[in-house]
Amino acid sequence: MAQDLDHLGRPIIVVTGMGIITALGQGQADNWKALTGGVSGLRRITRFPIAGMRTTVAGTVDFIPVDEMSAPALSQRLAELVIEEAVAEAGIGSKGDFPGPLCLALPPVEMEWPQRLALAAAAGAAETVDYAALLRAAGSGDFERFYRRFLFGSVAEGLADRFGTKGSPVATSTACASGGTAIQLGVEAIQRGEADAALCVGTDASVNPESLIRFSLLSALSTRNEPPSAASRPFSKDRDGFVMAEGAGALVIESLEHARARGAKILGVLEGCGEAADGFHRTRSSPDGKPIIACMRRALDDAGLAPEDIDYINAHGTGTPENDKMEWVGVSTVFGERAGSIPISSNKSMIGHALTAAGAVEAIFSLLTIRNGVLPPTINYDIPDPALPLDCVPNVARPGHVRHAISNSFGFGGQNVCLVLGAEPR
Amino acid sequence: MRDRQALITGAGLVSCLGDGLEAHLDALDRTGMAGPVRDTTQFAPFPVHPMVALELDKQIPKRGDQRQMEAWQRIGTYAAGQALAAAGVKANPDLLGRMDMIVAAGGGERDYAADSAILSGLPHAADPGAYLNEHLLGDLRPTLFLAQLSNLLAGNISIVHGVVGSSRTFMGEEAAGTDAVRIACARIAAGQGDLFLVGGSYNAQRPDVLLHYEMGGKLWKGGPRGVWGRQADGGGMVLGSVGCFLVIESRAHAERRGATPLAHIAAIRTDRCRRDPGQAAAIATAQFEAMRDGFDPATAAVISGASGVGEATREEQAFLYPFGLPIRATATALGHSLEPSFPANLALAAGAVARGRLFAPLEDTEAPMEAPLRQALVTSWGHWRGEALAVVTAA
Numbered sequence: 001m002a003q004d005l006d007h008l009g010r011p012i013i014v015v016t017g018m019g020i021i022t023a024l025g026q027g028q029a030d031n032w033k034a035l036t037g038g039v040s041g042l043r044r045i046t047r048f049p050i051a052g053m054r055t056t057v058a059g060t061v062d063f064i065p066v067d068e069m070s071a072p073a074l075s076q077r078l079a080e081l082v083i084e085e086a087v088a089e090a091g092i093g094s095k096g097d098f099p100g101p102l103c104l105a106l107p108p109v110e111m112e113w114p115q116r117l118a119l120a121a122a123a124g125a126a127e128t129v130d131y132a133a134l135l136r137a138a139g140s141g142d143f144e145r146f147y148r149r150f151l152f153g154s155v156a157e158g159l160a161d162r163f164g165t166k167g168s169p170v171a172t173s174t175a176c177a178s179g180g181t182a183i184q185l186g187v188e189a190i191q192r193g194e195a196d197a198a199l200c201v202g203t204d205a206s207v208n209p210e211s212l213i214r215f216s217l218l219s220a221l222s223t224r225n226e227p228p229s230a231a232s233r234p235f236s237k238d239r240d241g242f243v244m245a246e247g248a249g250a251l252v253i254e255s256l257e258h259a260r261a262r263g264a265k266i267l268g269v270l271e272g273c274g275e276a277a278d279g280f281h282r283t284r285s286s287p288d289g290k291p292i293i294a295c296m297r298r299a300l301d302d303a304g305l306a307p308e309d310i311d312y313i314n315a316h317g318t319g320t321p322e323n324d325k326m327e328w329v330g331v332s333t334v335f336g337e338r339a340g341s342i343p344i345s346s347n348k349s350m351i352g353h354a355l356t357a358a359g360a361v362e363a364i365f366s367l368l369t370i371r372n373g374v375l376p377p378t379i380n381y382d383i384p385d386p387a388l389p390l391d392c393v394p395n396v397a398r399p400g401h402v403r404h405a406i407s408n409s410f411g412f413g414g415q416n417v418c419l420v421l422g423a424e425p426r
Numbered sequence: 427m428r429d430r431q432a433l434i435t436g437a438g439l440v441s442c443l444g445d446g447l448e449a450h451l452d453a454l455d456r457t458g459m460a461g462p463v464r465d466t467t468q469f470a471p472f473p474v475h476p477m478v479a480l481e482l483d484k485q486i487p488k489r490g491d492q493r494q495m496e497a498w499q500r501i502g503t504y505a506a507g508q509a510l511a512a513a514g515v516k517a518n519p520d521l522l523g524r525m526d527m528i529v530a531a532g533g534g535e536r537d538y539a540a541d542s543a544i545l546s547g548l549p550h551a552a553d554p555g556a557y558l559n560e561h562l563l564g565d566l567r568p569t570l571f572l573a574q575l576s577n578l579l580a581g582n583i584s585i586v587h588g589v590v591g592s593s594r595t596f597m598g599e600e601a602a603g604t605d606a607v608r609i610a611c612a613r614i615a616a617g618q619g620d621l622f623l624v625g626g627s628y629n630a631q632r633p634d635v636l637l638h639y640e641m642g643g644k645l646w647k648g649g650p651r652g653v654w655g656r657q658a659d660g661g662g663m664v665l666g667s668v669g670c671f672l673v674i675e676s677r678a679h680a681e682r683r684g685a686t687p688l689a690h691i692a693a694i695r696t697d698r699c700r701r702d703p704g705q706a707a708a709i710a711t712a713q714f715e716a717m718r719d720g721f722d723p724a725t726a727a728v729i730s731g732a733s734g735v736g737e738a739t740r741e742e743q744a745f746l747y748p749f750g751l752p753i754r755a756t757a758t759a760l761g762h763s764l765e766p767s768f769p770a771n772l773a774l775a776a777g778a779v780a781r782g783r784l785f786a787p788l789e790d791t792e793a794p795m796e797a798p799l800r801q802a803l804v805t806s807w808g809h810w811r812g813e814a815l816a817v818v819t820a821a
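Read top to bottom, the protein sequences are chains A and B.
For the first sequence, our numbering begins at 1 and goes up steadily by one.
For the second sequence, our numbering begins at 427 and goes up steadily by one.
Hint data in this document are derived by calculation from the structure and do not stem from the laboratory.
Check each hint, because a few of them may be wrong.
[Stated by the list, open to error] Covered stretches of chain A, going by a simulated chain B footprint (3 or more residues, C-beta under 8 Å):
| id | segment |
| --- | --- |
| 1 | 44–55 |
| 2 | 402–416 |
[As the list claims (entries may be wrong)] Computed beta-carbon distance windows for the label pairs:
| id | chain 1 | residue 1 | chain 2 | residue 2 | range |
| --- | --- | --- | --- | --- | --- |
| 3 | A | Gln3 | B | Gly490 | 53 to 63 Å |
| 4 | B | Ala540 | A | His7 | 19 to 29 Å |
| 5 | B | Arg524 | A | Gly37 | 38 to 48 Å |
| 6 | A | His7 | B | Arg464 | 55 to 65 Å |
| 7 | A | Arg398 | B | Arg524 | 34 to 44 Å |
| 8 | A | Arg162 | B | Pro554 | 29 to 39 Å |
| 9 | A | Gly304 | B | Ala744 | 46 to 56 Å |
| 10 | A | Glu144 | B | Arg464 | 39 to 49 Å |
| 11 | A | Gly304 | B | Arg524 | 43 to 53 Å |
| 12 | B | Ala615 | A | Glu144 | 39 to 49 Å |
| 13 | A | Thr128 | B | Ala470 | 14 to 24 Å |
| 14 | A | Arg284 | B | Glu796 | 49 to 59 Å |
| 15 | A | Arg162 | B | Thr791 | 31 to 41 Å |
| 16 | B | Leu563 | A | Thr46 | 15 to 25 Å |
Positions of the beta carbon are idealized from the N, C-alpha and C atoms, including for glycine.
Turn these sequences into a full structure, and let the hints guide you.
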């Protein structure tokens with residue numbers, strides 16, 4: 001039917017199931033309650049010793065147990081749980097048989113210190129333990145499970161196998177824009193007619209000593225450790241970096257026609273996607289903001305909407321001095337005089353920066369914002385930054401009627417993705 | 427529809443065999459006689475196929491950029507520049523500004539000295555946790571992270587070559603490479619893009635990747651035997667350093683800008699299974715059935731991505747045998763390179779088809795081919811996952 005197609009004659013893509021875990025908790029209901037209540041999920045790290053660390057705060061997900069803890073192990077477990085929630089809500093397929101591809105956003109996978117140390121121990125007592133020693137120990141055959149666990153393909157493989165998604169699963173990394181990219185991959189597959197539905201997932205559980213230190217060495221993290229709940233301060237004048245966090249988000253997306261035909265409840269519409277790469281610098285945006293501007297404009301064009309149609313912006317809003325400044329450059333250019341009056345809030349003020357998962361998690365929060373007519377706040381907004389004259393929904397949630405929202409995701413390596421999300425079509 | 431056919435209009439390829447696609451095709455003709463290029467000493471008892479010495483300045487002119495990267499990124503960024511130059515799009519900001527990039531990547535090199543110091547000292551430390559933190563904070567070069575992040579190969583290509591239409595990185599060993607190409611071709615067919623840069627890179631000369639595959643028992647530690655010849659002794663793979671990028675574009679776009687195509691990716695499919703016995707063969711059979719229209723065995727050969735790892739390689743061998751086609755398992759010469767192995771095999775297939783001649787056998791069991799080469803069946807079974815099949819034809 002014509003009303004199932006968008007302004008470019010493509011299938012309209014809708015969301016029919018969502019699952020979410022953040023530092024605030026598990027499931028849509030608990031997360032939404034805490035998010036709109038202005039609760040911070042950030043806390044002192046207890047997972048590993050923090051002696052000597054400049055940053056001791058994170059949004060870890062410590063309430064989900066996992067065997068043989070590692071970033072891919074917990075990332076996979078979080079993904080399993082959010083997929084279960086999303087698939088149950090969508091009521092799609094049958095157990096172990098999801099009728100479409102898996103598009104997964106995943107942090108890079110690498111063997112971690114506990115495994116390296118286990119190999120070193122197996123290598124035997126020696127003054128110096130080098131890689132040659134580890135290699136000798138590796139040949140024993142006792143570490144086959146490490147090989148499997150730390151394949152880059154292992155998480156997607158495990159999920160594809162468990163949920164019976166179709167075809168080769170794609171695991172994407174566009175750094176902190178990955179969640180947005182995973183959704184875009186699913187949208188495009190349905191638009192091409194490859195599938196009627198797709199499972200789009202972002203997951204990240206990589207708070208471990210080396211990951212924390214890597215970001216710390218790049219001076220990207222907040223060092224405002226006391227109290228942990230106040231560390232993430234997007235748009236505030238005294239913001240000093242982001243706070244690493246964990247989480248996962250899963251979205252069941254399908255063509256409107258497919259959703260209608262099976263009588264599915266429609267939670268919202270994925271109206272458009274835009275992306276642009278930035279060749280300026282490995283960690284910094286082009287000072288003129290052109291790629292950020294381009295990605296937002298491409299998303300609006302893709303959705304067939306004008307800037308005037310957007311009622312709310314779910315900011316990337318990491319709380320680094322650089323990001324928030326550049327995001328404002330982009331928003332103020334794209335939205336012009338309206339920029340200061342469109343509500344733009346940062347979920348990261350409460351859940352921290354879930355890195356690879358952030359784009360998927362925040363797309364879900366954007367859809368809940370639209371559905372519930374409540375704008376989640378930006379907490380810790382105590383000292384406005386005069387250089388960023390925006391309405392960040394300071395500190396307290398408020399009602400707001402949102403027809404169309406955008407959700408921004410930007411990442412190291414010049415990654416920029418913008419999603420346009422809308423209310424259920426009438 | 428003809429306009430939306432996916433053409434390879436440029437290829438960049440570097441490995442132990444040389445610098446550039448033509449150098450590879452020439453070297454492959456000699457490999458069967460001369461034997462493969464292997465380094466058997468640096469990581470003994472594990473042989474690797476080492477990267478040829480690259481004049482990095484040719485594709486990465488700024489020394490500052492070279493210093494910011496680790497080897498896997500330099501290899502990939504170099505190959506990407508070569509592909510862009512071959513396609514005639516290099517330094518063309520209009521085209522690069524709307525070029526879509528899909529990179530298949532693993533992760534970057536570690537600081538092996540720092541790792542070794544920590545592994546040596548931590549077991550004797552009074553407070554192991556504090557020791558780890560102190561040494562990671564003190565010993566890691568702050569920018570090393572950026573040389574390790576999977577998506578920073580793409581990031582470096584954006585910075586060095588100005589490919590900024592879009593940038594996506596896929597992870598997942600062989601499957602990352604196969605899906606990168608498959609999705610680029612599908613997007614071209616569906617009008618979701620006209621001009622793509624697709625590929626990846628692999629540095630095999632690093633102890634951490636050897637460690638990973640040795641834990642899995644996947645490595646060949648014997649003499650210079652071919653992929654097929656190793657099977658009598660259980661099989662195994664020899665990792666190879668490879669960088670490969672392809673410029674893939676719609677026929678209409680290539681014609682409009684007067685580009686000379688190398689070859690046409692007439693069909694490509696990817697899939698996964700649990701690898702129960704026979705499952706991958708059933709998938710490959712179905713994939714071939716879906717692309718056999720117009721496939722002419724009289725002028726065709728197989729460019730196989732067989733890794734050498736036992737089960738997958740033997741199952742592929744059994745699948746290919748009934749075709750009766752000349753087969754070349756390129757890992758015999760280049761080594762197996764995980765993410766870029768499928769793009770590299772597409773490049774070699776495209777180059778051979780463009781020459782109209784298959785290169786010489788790489789080992790005894792591979793048959794010579796006298797007939798002109800018009801089509802190539804390119805396989806990937808992956809060493810554990812990553813199944814794909816493609817047909818590459820003359821442009």
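Hint check results:
1. Check result for the segment 44–55 of chain A against chain B: holds, 7 residues qualifying (beta carbon to beta carbon below 8 Å, three or more required).
2. With a threshold of 8 Å between beta carbons, the proposed coverage of the segment 402–416 of chain A by chain B holds, since 5 of its residues qualify and at least three are required.
3. Distance hint for Gln3 of chain A and Gly490 of chain B: a CB-CB separation of about 55 Å, consistent with the stated range 53 to 63 Å.
4. Between Ala540 of chain B and His7 of chain A the Cβ separation comes to about 54 Å, which falls outside the hinted range of 19 to 29 Å.
5. Separated by about 44 Å at the C-beta atoms, Arg524 of chain B and Gly37 of chain A satisfy the suggested range of 38 to 48 Å.
6. The beta-carbon spacing between His7 of chain A and Arg464 of chain B, approximately 57 Å, falls within the hinted interval of 55 to 65 Å.
7. A hinted range of 34 to 44 Å for the beta carbons of Arg398 of chain A and Arg524 of chain B is consistent with their spacing of about 40 Å.
8. The hint said 29 to 39 Å for the Cβ distance between Arg162 of chain A and Pro554 of chain B, and at roughly 35 Å that hint holds.
9. For Gly304 of chain A and Ala744 of chain B, the hinted distance range of 46 to 56 Å is satisfied, since their beta carbons lie about 52 Å from each other.
10. Hint check: Glu144 of chain A to Arg464 of chain B, Cβ distance near 26 Å, so the stated range 39 to 49 Å is violated.
11. Range check, Gly304 of chain A to Arg524 of chain B: Cβ separation about 20 Å, and the 43 to 53 Å hint is violated.
12. Remark: the range hint 39 to 49 Å for Ala615 of chain B to Glu144 of chain A is upheld by a beta-carbon distance near 40 Å.
13. Range check, Thr128 of chain A to Ala470 of chain B: Cβ separation about 18 Å, and the 14 to 24 Å hint holds.
14. A hinted range of 49 to 59 Å for the beta carbons of Arg284 of chain A and Glu796 of chain B is consistent with their spacing of about 57 Å.
15. Distance hint check: the CB atoms of Arg162 of chain A and Thr791 of chain B are about 39 Å apart, consistent with the given range 31 to 41 Å.
16. Distance hint for Leu563 of chain B and Thr46 of chain A: a CB-CB separation of about 19 Å, consistent with the stated range 15 to 25 Å.
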